[in-house]
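Q: So the sequence lines, in the order shown, correspond to chains A and B.
Here the first sequence stands for residues 3 to 240, numbered as in my numbering.
Here the second sequence stands for residues 703 to 889, numbered as in my numbering.
What the hints contain is simulated information worked out from the structure, not anything from laboratory work.
Glycine included, every Cβ here is placed at the ideal spot set by N, Cα and C.
Be aware that one or more of the hints could be misleading.
[Unchecked claim] Only part of the chain A face toward chain B is listed, based on derived beta-carbon distances under 10 Å:
1. His13
2. Ile15
3. Ile57
[To be verified] Some chain A residues well away from chain B (every beta-carbon gap over 10 Å; in silico):
4. Lys18
5. Arg129
6. Leu175
7. Ile184
8. Gly201
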Amino acid sequence: MDNTSQRRLPHAIRRKLQRTPRKKWHPIIHHVRKRYRISRRTIFYLKEYGPKSHIAHLIIKESVYILILASIMSSMGGIGLQSIQTSIITILPLLVMLPALTDMIGDFGTIVSSRFATMLYLGQVGRKNWWHSRYMHKLFGIVVGVALIAAIYLGTVATWIAVARGFAVDAVLFMKIIEIAIAATVMLIGLMFFLSVVGGFYIFSKKEDPNNFLIPITTSVADLGSLIVFSTLVTLLF
Amino acid sequence: MAKMRLPTLCFKDFFEILTSELISVTGGLLAGTMLAFATNQIELVPGLLILLPGFLEMRGNISGTLSARLGSGLWIGVLKPQLRRSRILRGNVIADIFLALIVSLMLGLVAYFASAWVFGIDNPALIYISLIAGVLSNIIEIPATVLTTFWLFRHGHDPDNIMGPYVTTIGDIISIVALLAAIVIVM
Numbered sequence: 003m004d005n006t007s008q009r010r011l012p013h014a015i016r017r018k019l020q021r022t023p024r025k026k027w028h029p030i031i032h033h034v035r036k037r038y039r040i041s042r043r044t045i046f047y048l049k050e051y052g053p054k055s056h057i058a059h060l061i062i063k064e065s066v067y068i069l070i071l072a073s074i075m076s077s078m079g080g081i082g083l084q085s086i087q088t089s090i091i092t093i094l095p096l097l098v099m100l101p102a103l104t105d106m107i108g109d110f111g112t113i114v115s116s117r118f119a120t121m122l123y124l125g126q127v128g129r130k131n132w133w134h135s136r137y138m139h140k141l142f143g144i145v146v147g148v149a150l151i152a153a154i155y156l157g158t159v160a161t162w163i164a165v166a167r168g169f170a171v172d173a174v175l176f177m178k179i180i181e182i183a184i185a186a187t188v189m190l191i192g193l194m195f196f197l198s199v200v201g202g203f204y205i206f207s208k209k210e211d212p213n214n215f216l217i218p219i220t221t222s223v224a225d226l227g228s229l230i231v232f233s234t235l236v237t238l239l240f
Numbered sequence: 703m704a705k706m707r708l709p710t711l712c713f714k715d716f717f718e719i720l721t722s723e724l725i726s727v728t729g730g731l732l733a734g735t736m737l738a739f740a741t742n743q744i745e746l747v748p749g750l751l752i753l754l755p756g757f758l759e760m761r762g763n764i765s766g767t768l769s770a771r772l773g774s775g776l777w778i779g780v781l782k783p784q785l786r787r788s789r790i791l792r793g794n795v796i797a798d799i800f801l802a803l804i805v806s807l808m809l810g811l812v813a814y815f816a817s818a819w820v821f822g823i824d825n826p827a828l829i830y831i832s833l834i835a836g837v838l839s840n841i842i843e844i845p846a847t848v849l850t851t852f853w854l855f856r857h858g859h860d861p862d863n864i865m866g867p868y869v870t871t872i873g874d875i876i877s878i879v880a881l882l883a884a885i886v887i888v889m
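Same shape as in the complex, but just chain A (with noise of 0.2 Å):
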């Protein structure tokens, strides 16, 4: 027998199958997975996107929730930006940094908490010694490094464009940019770290997947956090 036939479900296992209840896992589920070599993942997609699935209404239902909660927050962080138009208007190089601000910090989000949780997996930090794993030291040496790196780059790029279109820069100025990017970016990736240590332990206890839990919470706590702290480090330098 090939491969290829021996994949291909018999009639009557296909419809046992396909009456399943979309969201049970019969134990038939767990004989065609392992008889003819499924992964549970690929089963998992099948069923959650298979005939039966009303995929548009399925996918709604599944984020409406979310990406309302992440609106919200972010909305919330808009505030902290709406306070302080007048400085981001009048001062150009914060208006040109903030997108890729933000956007920086929640990439960062996103590197840190799936690089722990793999590190969870493969078993290289413990909780109890985790800060003496060299893995962890590389991680974070990383992380400081290419965040200080990009954190300058965005400041003296910002101001560049600012100048550019006829904006006045000091020296004084220049340096209160760069301050601005070096010391959000900074005070963030620490949260970041916090947070995916904090909340990878504890998902990991719980035997859960801790990538589908830290990215979003890093994410969103990132999107706020650098709203907040740039609104902060603005009405404090400025």
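With chain A held as given, fit chain B onto it using these hints.
A: Leaving out everything else, chain B in the frame of chain A:
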């Protein structure tokens, strides 16, 4: 890979992350430059800055998940990288159109009520701007996401590795253009 020493891995990871981050930051700066050229429009619409972060995030969230779902379907083999009639592709696109409309409306309402309560600005135009910008950005970004995911898969790349930064960077630029166009239409 297993025989590589930790310092070697450190440098490899460092340069991979640094390169992707600098590209992502450059895209964000491009979006910021567009904002800098539109300071008059921003001042014209009080409360627009409340709407802005949520609107920028929305495109990344919706198109990022679209691309991830399509990527999984492509790898599993239930979806072909072609724009033929496919139940899964049609369902995903319809879902994304509705999600973008719902979230745009929600963002507009939140921005309107937040600007009214916190800053005392009564500006219903925020709701129309959010909805129109949501529709405009969808028209560009959904086909761009689907076509790029299929193109990457056809050329032997894993869309999951590339589409995340691509969607957030392109999403920022498209969202800002759509917002500015919506301001011109509404005001």
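Q: Taking the hints in turn, state whether each one holds.
A: Verification of the supplied hints:
1. The interface hint given for His13(A) is violated, since its Cβ lies 19 Å from the closest Cβ of chain B, which is over the 10 Å cut-off.
2. For Ile15(A), the interface hint is violated, the least distance from its beta-carbon to any beta-carbon of chain B being 18 Å, above 10 Å.
3. With 10 Å as the threshold, the beta carbon of Ile57(A) comes within range of chain B, its nearest partner Cβ sitting at about 3 Å, so the hint holds.
4. Every CB of chain B is more than 10 Å from the CB of Lys18(A) (nearest about 20 Å), matching its label as outside the interface.
5. Listed as outside the interface, Arg129(A) is consistent with that label: its C-beta sits roughly 22 Å from the nearest C-beta of chain B, beyond the 10 Å cut-off.
6. Its beta-carbon lying about 15 Å from the closest one in chain B, Leu175(A) satisfies the requirement of being farther than 10 Å from that chain.
7. Under the 10 Å C-beta cut-off, the non-interface status given to Ile184(A) relative to chain B holds; the minimum distance is some 14 Å.
8. Every CB of chain B lies more than 10 Å from the CB of Gly201(A), the least distance being 20 Å, so the non-interface label holds.
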